[in-house]
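**Q** Sequence:
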Amino acid sequence: MIKRFLYWLKFGIKDKTFFLKPLEEIILISQSKYYQSKISELTQEIRNLEGKLDKFAFDQKMAAYTDISMKLFKAALYSKYSHRKRKHYSLQELRRQSDEFVKDYPIILSTTYSLRNCLCDNFSYDYVIIDEASQADLATGALALSCAKNAVIVGDTKQLPNVVDKDMGIITEDIFSSYRLKECYRYSTNSLLSSLLALFPTIPKTLLREHYRCHPKIIEFCNQKFYNNQLVILSQNTPDRQPLIIYRTSFGNHARMKMNQRQIDTIRDEIIPKEKLHDLDLGIVTPYRMQTNALQEAFKDTAIIADTVDKFQGRENQVIILSTVDNEITEFTDNPNRLNVAISRAKEQLILVVNGNDITRDSNISDLIHYTEYQNFTVVQSELSSIFDLLYKGYEVERKRYIHKSGKVSAFDSENLMYSLIKEVLSSEKFIKYDVLSHFPIRNLIRDFSLLDTDERKYASNPLTHLDFLIYNKLGKIPILGIEVDGFEYHQQGSIQADRDQMKDAILKKYNFPILRFSTTGNSERKRLVDKLNKIQSFKERY
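In full-length UniProt numbering, the protein residues as written are 1 to 543.
What the hints contain is simulated information worked out from the structure, not anything from laboratory work.
The C-beta atom is built at its ideal place from N, Cα and C for all residues, glycine as well.
Worth double-checking, as some hints may not be accurate.
Unchecked claim - Distance windows between CB atoms, simulated: (1) 113 - 367: 35 to 43 Å; (2) 210 - 38: 37 to 45 Å; (3) 188 - 158: 38 to 46 Å; (4) 100 - 157: 37 to 45 Å; (5) 188 - 129: 47 to 55 Å; (6) 157 - 181: 43 to 51 Å.
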């Protein structure tokens, strides 16, 4: 009886038949009622706190506090400098008259490397403040400390450390081993910040807890994952756009040599137009330099900034797109410091681009995906696909079935897939007058070599130099379009085949003969082919 009274009082359950239900159903109903009650309780608490804050007028008081602080600061500067004229110093005078110079200009801005040489050799600063100390290496950090009476070290052990190049790492490891130094002095694995923390474990430390940059839902992931909920998040919600979105590319191994063209295409052709990012402050970050180079090339005529996560440290953008590149997330990409930096560059929105393969292992990236899903933010399956996706492991049956429709014409399945696609497109009523030939020799296409130089003539006349496919008008046997299939490894930039491709393109350009290249790392082959045929057909109809 008492239990029924408590349930009625706490959850409003008045139905007597409730207690006649099976235990499992009673538990489910009770849980549902509990959450409803808890939500109501928390909502009321939020209203009470908001009411107190409104009465306190926090924003107005903070503005008044800032104004008074600035007035006091300016008054102090005025009392110190209003009655003395500050002179201009030459570079030589900086070193000869250092004591006089700092009286006129008491704050010196410098790199850790150069600070020691800014003034005279025996000069010591009252305080040296080293910012981004996790990025400062031991050698230059020691130089800065060598001229400091007191030092304030500012940095974050949860962000990326300085990068030590391979040659310097070898040199410093030899020195470290020869002199049997303490681990905290190992140059190749320590930043100035990590070294000082290891060397002086009881040194006074203060966590800069207040966070103002990122949308609360973005930084909350970092707060839970990396900072043990120690951050006080003071940034505001921006309701115009979702703070977190995930885009999954199609299943397959799209990454090649730390570069993923499918993710670049997804960013350019889907994410930017669908999320309306054209006129926003947009940055794209990625773990790898190869992907960065490809992104910078793809967006070279835009205001979009693309760089590695390491280079983005200390920067921010309204929207950040994180291209993970990997087919299967690697330890390098999943490094907690690297991911923390990447996420916390986004002020209003973070868009994560990952491969469509299942992420089987537990990782920081998978935690970010789970967090996004739990917060009920959008997970988008990319619509970009490629005929060459059938080359990937797991598509053997579909690949065999697709090729079987038109038959094999090559030892390479990439060409067989393209042949099947071409035949499929040409079977439509609009293009029924066209047909296709495979491995068509260039010397049979070009009869007059007078426009070619010696090297081009030699290449074009070689019987092995051919177009992978030639589309022609069946009615007059007139060639209209050449098609090439470029496998990534065989045709990659800098290879012998890439040079041959350039020469082939240059030869056909001299004769105004169109050619369409399809990379096995590309997408939307059907659309590109149909668009090209429509363009050729439209041109011929007009002329």
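**Q** State, for the Cβ atoms of residue 188 and residue 129, whether the hinted interval 47 to 55 Å holds or is violated.
**A** violated, 26 Å
**Q** Is 37 to 45 Å respected by the C-beta to C-beta distance linking residue 100 and residue 157?
**A** With a Cβ separation near 40 Å, residue 100 and residue 157 satisfy 37 to 45 Å, so the hint holds.
**Q** That 37 to 45 Å hint for residue 210 and residue 38 (C-beta), does it hold up?
**A** violated, 28 Å
**Q** Between residue 157 and residue 181, does the beta-carbon spacing fit 43 to 51 Å?
**A** violated, 21 Å
**Q** Lying within 35 to 43 Å: is that true of the beta-carbon distance residue 113 to residue 367?
**A** holds, 38 Å
**Q** May I ask you to test the hint 38 to 46 Å on the CB atoms belonging to residue 188 and residue 158?
**A** violated, 20 Å
The earlier numbered hints that this structure contradicts are 2, 3, 5, 6.
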